[in-house]
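J.: These are the residues of each chain, in order.
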Amino acid sequence: MRIAFAGLIACCLLSGAGIIARGTEVLCTTSIVGDVVKQIAREDIDVLVLLGPDTDPHSFQLRPQDLVALQRADLVFINGLDLEAGLSNILESIDDHVVSLSADLPGLLAADDEGDHGTYDPHVWFDPTLVSAWVDVIAARLSQLVPSLRSEFQTRSAKYQSDLANLDAWIQSILEEIPADRRLLVTDHHVYGYFTRRYGFEQVGTIFPGLSTMSEPSARELAELVSTIESLDIPAIFVGTTVNPSLAEQIASDTGTRIVFMYTGALSDPSGPAGTYLDLMRYTANAILEGLGANE
Amino acid sequence: MTHRKGAAISKRRESGHAIHDATAAAVTVRELSAGYASYPAIVDVSFELRTGERLAVVGPNGAGKSTLLKALAGLLDPMKGKVLIHGHGPCRHICIAYVSQRNALDWRFPITLTDFVMLGRTQRIGPLRKPRSQDHDIVRASLEAVELTAYAQRQIETLSGGQQQRLFIARALAQEAELILFDEPLVGLDVHAHRELLELIANLYRRAVTVIMSLHDLSIAASHFDKIILLRQEMMGFGTPKTVLTEDVLRRAYGSCLQVISGEDGAFIVQDTACSGGEHADV
Amino acid sequence: MFEWLVAPLRFAFMVRGLIAAIAVGVLCSAVGTFVVLRGMTFIGDALAHSILPGLAVGFISIGKGDRRGLFWWAIGTAILVALGMGWISERTRFREDAAIGIVFAGMFALGIALISTVRGFSVDLVHFLFGNVLGVSNHDLILLGAFGGAVLLLLFLFYKELVLVSFDITLARTLRIRASFYRYLLFVLIAVTVVLSLQTVGIGLMLAMLVTPASTAHLLTKRLPGMLMVGTLLGGVAGVVGLYLSFYWGVASGAAIVLVSIAMFLLALTVSNRHELVRRFRRS
Chain A
1 MRIAFAGLIA CCLLSGAGII ARGTEVLCTT SIVGDVVKQI AREDIDVLVL LGPDTDPHSF
61 QLRPQDLVAL QRADLVFING LDLEAGLSNI LESIDDHVVS LSADLPGLLA ADDEGDHGTY
121 DPHVWFDPTL VSAWVDVIAA RLSQLVPSLR SEFQTRSAKY QSDLANLDAW IQSILEEIPA
181 DRRLLVTDHH VYGYFTRRYG FEQVGTIFPG LSTMSEPSAR ELAELVSTIE SLDIPAIFVG
241 TTVNPSLAEQ IASDTGTRIV FMYTGALSDP SGPAGTYLDL MRYTANAILE GLGANE
Chain B
1 MTHRKGAAIS KRRESGHAIH DATAAAVTVR ELSAGYASYP AIVDVSFELR TGERLAVVGP
61 NGAGKSTLLK ALAGLLDPMK GKVLIHGHGP CRHICIAYVS QRNALDWRFP ITLTDFVMLG
121 RTQRIGPLRK PRSQDHDIVR ASLEAVELTA YAQRQIETLS GGQQQRLFIA RALAQEAELI
181 LFDEPLVGLD VHAHRELLEL IANLYRRAVT VIMSLHDLSI AASHFDKIIL LRQEMMGFGT
241 PKTVLTEDVL RRAYGSCLQV ISGEDGAFIV QDTACSGGEH ADV
Chain C
1 MFEWLVAPLR FAFMVRGLIA AIAVGVLCSA VGTFVVLRGM TFIGDALAHS ILPGLAVGFI
61 SIGKGDRRGL FWWAIGTAIL VALGMGWISE RTRFREDAAI GIVFAGMFAL GIALISTVRG
121 FSVDLVHFLF GNVLGVSNHD LILLGAFGGA VLLLLFLFYK ELVLVSFDIT LARTLRIRAS
181 FYRYLLFVLI AVTVVLSLQT VGIGLMLAML VTPASTAHLL TKRLPGMLMV GTLLGGVAGV
241 VGLYLSFYWG VASGAAIVLV SIAMFLLALT VSNRHELVRR FRRS
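Chains as they are written, first to last, in the numbering used here: chain A, 1 to 296; chain B, 1 to 283; chain C, 1 to 284.
The hints are simulated quantities; they were obtained by calculation from the structure and are not laboratory data.
Even for Gly, the Cβ is constructed at its ideal location relative to N, Cα and C.
Heads up, none of these hints are tricks.
Here are some, though not all, of the chain C residues that point toward chain A, as calculated from beta-carbon distances under 8 Å:
hint	residue
1	S116
2	G131
3	S137
4	S246
5	Y248
6	A252
7	S253
Label pairs and their calculated CB-CB ranges:
hint	chain 1	residue 1	chain 2	residue 2	range
8	C	F156	B	H216	42 to 48 Å
9	C	V271	A	S227	36 to 42 Å
10	C	W87	B	E144	41 to 47 Å
11	C	L233	B	S46	54 to 60 Å
12	A	S227	C	T117	41 to 47 Å
13	C	K222	B	V191	29 to 35 Å
14	C	R223	B	D137	19 to 25 Å
15	C	T117	A	P270	20 to 26 Å
Could you build the full structure based on these sequences and the hints that come with them?
T.: The following block contains the structure:
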């Protein structure tokens, strides 16, 4: 009996010590958000990411340890615009710690149709200039959290923003090769709204209607897509890795197009081709170039 | 003969059926004990029946009548003792028809009388084969024998209780059964239907079919059956109605559930059928 | 004049979809007749969930490889599960509905547990693994033909034994027919049908096709052979009409087929109860 009591006290002391010894912790929902935040925070702050590589943010399910992490974090950075719709209840309960990176950004696109998202298209990360705006928000909030590191955060943001500007210019230049009449994207979902606006492309068809992974196309919609692909002579269909590709595969084989795999909602694992945000965008641009440029 | 205790349903696969031993009695039961789980519902039952005889199985509720019938049908393995039908264990035969209580079947199943009776020929037709014309002839004849030809193409759900019992007999005939076991067939039938059924059963004698039936009504047992077996877990009596239905034997079997009314022609024994005489529920 | 009939057939995915919908409609209705008559209508859902552990293990071992291998994991698991359900309802005190429920609950939980320990795929397994009638490939059609054909053949060959075992198992036993074998066979046929339909046309369509056409046929015919024929006809027709609706009206394909078969059911319900309905109407 006494041993149990002593054990209990020891546990309390240890966990108390654990709490005191814990550093500043920041949680990010998607791996993309996580990477950008890490560029600013580096080793000075613990950055945890909820949705690992290859995880579809639309269908994520929380485990108990995730809930604990959410509660415990000093700040929670989310993409916002209802991308994390599945987590909305929990996020509401810790509202004052939540930072929506995309909310209130200028130049947001309206959502193409309702789906499960709100009024705006949430896939803002496909436009590096908007991610640049994220960086300002991140730096400001991290500085509030750890004021002593304000100047470090500012230096890093400036550096990263210049990297983003270079990325933007680079993407523009390599995609110039693609002539105007080929700047057409057929994808599985409507995720490239911001990308197409920034770089002068057009999303002419999707396999799944709407922005969410949950909807199902009708035969009419698929027939229209096939007709579009054939009449516009589309060479490739760009498909995310987290969704059942069987529909895309069949359409591709019926129309003689290639399937090009893309990273859309999450980074690849660190050893893969899209381990950081910058890599993701470079991979995207290269894939589009190869897909659309291939059929001459 | 296996002695697996409490084996609910015999799983032995027997293909083709044993040739009847002409020298053996139709039914031979020797020191039979049978039941479910770990204790027997019937103990030490022994009797013999000749071909074509009609046996009534009587006894208070819970006496083990159903258990006896199932053991005879080969649906229950004996715990002790032996059952021989025409010289072989019941599982070696496909000529035994067991007519369970009517409510055990789903009468709304979409099947006509003809198809229902044809089911009795499943084993004779054999796997992978379809019914041939001789099978159809036998089915027709069976329905005729029970006077249900007019309903041959009707659904079984349109039948009355009495007609259902006759249908079972038709199926048993189509099965070319030589032993038919009836589990409480008179329950829920009116007097007219009783008579029809019992007449039909009497005629089975001409086809060399042995009949064993469990019932509650002692007077019917006395008047329509060649032999009676009185059960109350143990065998209280076996033999002709006269020898078994004596006051003495009946008191032992039914205990307090009997009233003896003395009249001019002799004693009337009135049975209280609602009274439960046994310890184990009749399953 | 028949342009509207022929127009969808210009699209290869429509042709494959129609073949799959008809095949699944016929197969599920035939097997579904037994499911409905035995009162096992929730076995489709139960089996679909019960194969989750097999799919999880298969997914882990296949990884990013050929997804088609998952079919074999699914069907293997389903057969084992079906035999398990058969065994429990044969050897223990539990009846079929309880046996099905127990296995369903256990296997599904095991599947969830397996998935949650391998954090690597938080992919929505359901969407990833279950099919879509518009996304049927030629390989899927071959599987449907081969396995579906085998199921229908076995149903035909052992028809009278399967009916007997479903309707009056006591008679089966007194006739010394191997009742256990046929019971297990039926469970296995149902399992194969469920997995085949699941992987080709998805769960919603499979569940509906297993139960609805057979139930509709039950309202319209009185004999079992008739029920089988009418059921399979209705299943096939629902598939075709549904897909055409999806093509011309833009309704989601799976849902369209299901709604057509439900509509057929309601129509049959009205027709079979018309005397009753007229009588009530007159009274009021």
